[in-house]
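Participant: Given only the sequences and the hints, what does the whole structure look like? Please build it.
For the protein sequence lines, the chains are A and B, in the order given.
Per my numbering, the very first residue in the first sequence carries number 1; after that it's consecutive.
Per my numbering, the very first residue in the second sequence carries number 1; after that it's consecutive.
Calculated directly from the structure, the hints in this document are not laboratory data.
Among the clues, some could well be false.
Remember, identical chains collapse to one label, so a pair may be satisfied in a single copy or spanning two.
When the alpha-carbon atoms are kept at most 30 Å apart in a straight line, the in silico DSBU-like pairs for lysine-lysine are as follows [stated by the list, open to error]:
id: 1; residue 1: K314; residue 2: K299
id: 2; residue 1: K183; residue 2: K99
id: 3; residue 1: K99; residue 2: K332
id: 4; residue 1: K199; residue 2: K150
Keep in mind it's a predicted model, so treat the numbers as computed, not measured.
Number of protein chains: 2
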Amino acid sequence: MAEISSLGEFGLIDRLTENLEISNSSTAVAVGDDAAVLHYPADTDILVTTDLLLENVHFDLTYVPLKHLGYKAAVVNFSDVYAMNGQPRQITVSLGISKRFTVEHIEELYAGIRIACEQYGVDIIGGDTTASHQGLVISITCIGEAPKGKAVRRNGAHDTDLICVSGDLGAAYMGLQLLEREKVASAGQKDFVPDFAGKEYLVERQLKPEARRDIIDELAKAGVVPTAMMDISDGLSSELIHICKDSKVGCRVYEDRIPIDYQTAVMAEELNMNLVTAALNGGEDYELLFTVPLTDHEKVENMKGVKVIGYICKEELGSALVTRDGGEIALKAQGFNPLKEEEE
Amino acid sequence: MAEISSLGEFGLIDRLTENLEISNSSTAVAVGDDAAVLHYPADTDILVTTDLLLENVHFDLTYVPLKHLGYKAAVVNFSDVYAMNGQPRQITVSLGISKRFTVEHIEELYAGIRIACEQYGVDIIGGDTTASHQGLVISITCIGEAPKGKAVRRNGAHDTDLICVSGDLGAAYMGLQLLEREKVASAGQKDFVPDFAGKEYLVERQLKPEARRDIIDELAKAGVVPTAMMDISDGLSSELIHICKDSKVGCRVYEDRIPIDYQTAVMAEELNMNLVTAALNGGEDYELLFTVPLTDHEKVENMKGVKVIGYICKEELGSALVTRDGGEIALKAQGFNPLKEEEE
Chain A
1 MAEISSLGEF
11 GLIDRLTENL
21 EISNSSTAVA
31 VGDDAAVLHY
41 PADTDILVTT
51 DLLLENVHFD
61 LTYVPLKHLG
71 YKAAVVNFSD
81 VYAMNGQPRQ
91 ITVSLGISKR
101 FTVEHIEELY
111 AGIRIACEQY
121 GVDIIGGDTT
131 ASHQGLVISI
141 TCIGEAPKGK
151 AVRRNGAHDT
161 DLICVSGDLG
171 AAYMGLQLLE
181 REKVASAGQK
191 DFVPDFAGKE
201 YLVERQLKPE
211 ARRDIIDELA
221 KAGVVPTAMM
231 DISDGLSSEL
241 IHICKDSKVG
251 CRVYEDRIPI
261 DYQTAVMAEE
271 LNMNLVTAAL
281 NGGEDYELLF
291 TVPLTDHEKV
301 ENMKGVKVIG
311 YICKEELGSA
321 LVTRDGGEIA
331 LKAQGFNPLK
341 EEEE
Chain B
1 MAEISSLGEF
11 GLIDRLTENL
21 EISNSSTAVA
31 VGDDAAVLHY
41 PADTDILVTT
51 DLLLENVHFD
61 LTYVPLKHLG
71 YKAAVVNFSD
81 VYAMNGQPRQ
91 ITVSLGISKR
101 FTVEHIEELY
111 AGIRIACEQY
121 GVDIIGGDTT
131 ASHQGLVISI
141 TCIGEAPKGK
151 AVRRNGAHDT
161 DLICVSGDLG
171 AAYMGLQLLE
181 REKVASAGQK
191 DFVPDFAGKE
201 YLVERQLKPE
211 ARRDIIDELA
221 KAGVVPTAMM
231 DISDGLSSEL
241 IHICKDSKVG
251 CRVYEDRIPI
261 DYQTAVMAEE
271 LNMNLVTAAL
281 NGGEDYELLF
291 TVPLTDHEKV
301 ENMKGVKVIG
311 YICKEELGSA
321 LVTRDGGEIA
331 LKAQGFNPLK
341 EEEE
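Facilitator: Here it is as structure tokens:
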């Protein structure tokens, strides 16, 4: 195990960025100067998004492996670019590293970031690496592109549009509950083996989420341009409210159409939690939520991994969940919000 | 004083980014979606740089006012873009905020960032705001531009090129020493008034540095394109070694030509520190270090705020400081390096 202080900042950066390959023509100069240099064609919407992840706020290293953490930290940024109907191309990676980490630890973390970048065709173009007196700090900025005018925002949903969602919801949240439960159970026990049997999907959704590049590709192939789109990071409810607010519309979402995996349902049962609440407010799904014109109904109905869950209505009708018995419950944004956490 | 939890993440962001003005045509969509959207012309070098600042590693809030901190956090990123011969255009601002901060505190910090952006014509286009269980975390990414092929890197210096530096060196470091001294002196004293008389310049260089946009403008006006350029953040010595390594050259820098302000000299005397060491290794000067062909000698000699301090030589001659008595001392990178700090 090598102490980071034996390398210093520049030595560590050299080691982490060794043999970095460039896969995008838009990357002209990557790591190693005051700034990276990019060349994008003029007919491009250049997309920029950023995420800050802090230890014990966004992740708990007692059960999150560093390689998974690196992978996830990169993927959540890619997800934001896909959510604009774009393709991620470059990231910068800034790390704040406390003394308890060795060079090998940081290499693990960085390996996860590099694997995610290879998987999604993204170049690492720079960053900043520094000591932290606190916990681990990860700040990633992602740059991507969409054909000019094709970036999809949150504000374009119209009355009668269909509301679609990819994949299934609530699993990442249930994975977190499971990991937290096993953490409590393991306290003080040296040889504790956590029990994830039959719940592997939940754990994977929490620890190693994927961004839905495939859906963006399918939409393009089908010639569907969503009127509004977001990725679901804070929970379906919270994101729907964002789209409705920005688009000045309302919505109806059907409880019985919300896609939920059976492992999520079993886990909710086991923990005596409300399943729909978990699916609506759980967060960290990184699925795509989008609206399309009613005329695209057939196209999205036939799209693999996409489900129509409701429709957009006039603003004055508000945003509501239509329950199985036909009742209506107003949607509330109760998603993950570390700035509102009780315990700190 | 308002608790941040009373607003939550989205409420806080809304408040901080209220009435943000956009001053660049390249900014198409700023704050408020999954990603910002930029439009740059095709004949552009797009520049990307990022900095991570952590409390008690990069700043000490016992003597750094939050507004100054915000200003400096933005300006150090602009400096990196100027150091590429570019113009900063956009930034993303990510903040990790611990519980002891109120809404008003964060507004102060953000006000400093906004003032810097107004001053330098830069748009705030996004970011991330979250709770921190640690100290204050500031992560800024800056995007800028230079005409295509005009971005100046570190690797273009040639044998016989002149080495130039803007402004003066060592003052920010001496300002830090002064602030640290007054912090120690003030310990436990309620009504302590720090004594900065006659040393205002040092304090200002440390707390409110400026980026040298004026030098970039002057170079353009004079038709001088540097062969290599960096900003001096880690100290002259460290940056010279970077340029020499990347350009595969050596250098000679004259001790008696290094620009030093008289307040810096007085402070070094007072603290019984070696003045040249402070100027070579102090760091945080945010001055520009650049090399130009010998044929540009007259142009740079006549440039206000620029001094020729030495020349580039063949790699095998190494990098050295030529002392007042004609001796030579090999340059060493002893600049600020938090990953090598002893105390943590």
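Participant: Evaluate each hint against the coordinates.
Facilitator: Now for the hints, and whether the structure bears them out:
no., hint, in the structure
1, K314 <-> K299, "within (24 Å within a copy, 66 Å between copies)"
2, K183 <-> K99, "both (24 Å within a copy, 26 Å between copies)"
3, K99 <-> K332, "between (42 Å within a copy, 25 Å between copies)"
4, K199 <-> K150, "neither (39 Å within a copy, 55 Å between copies)"
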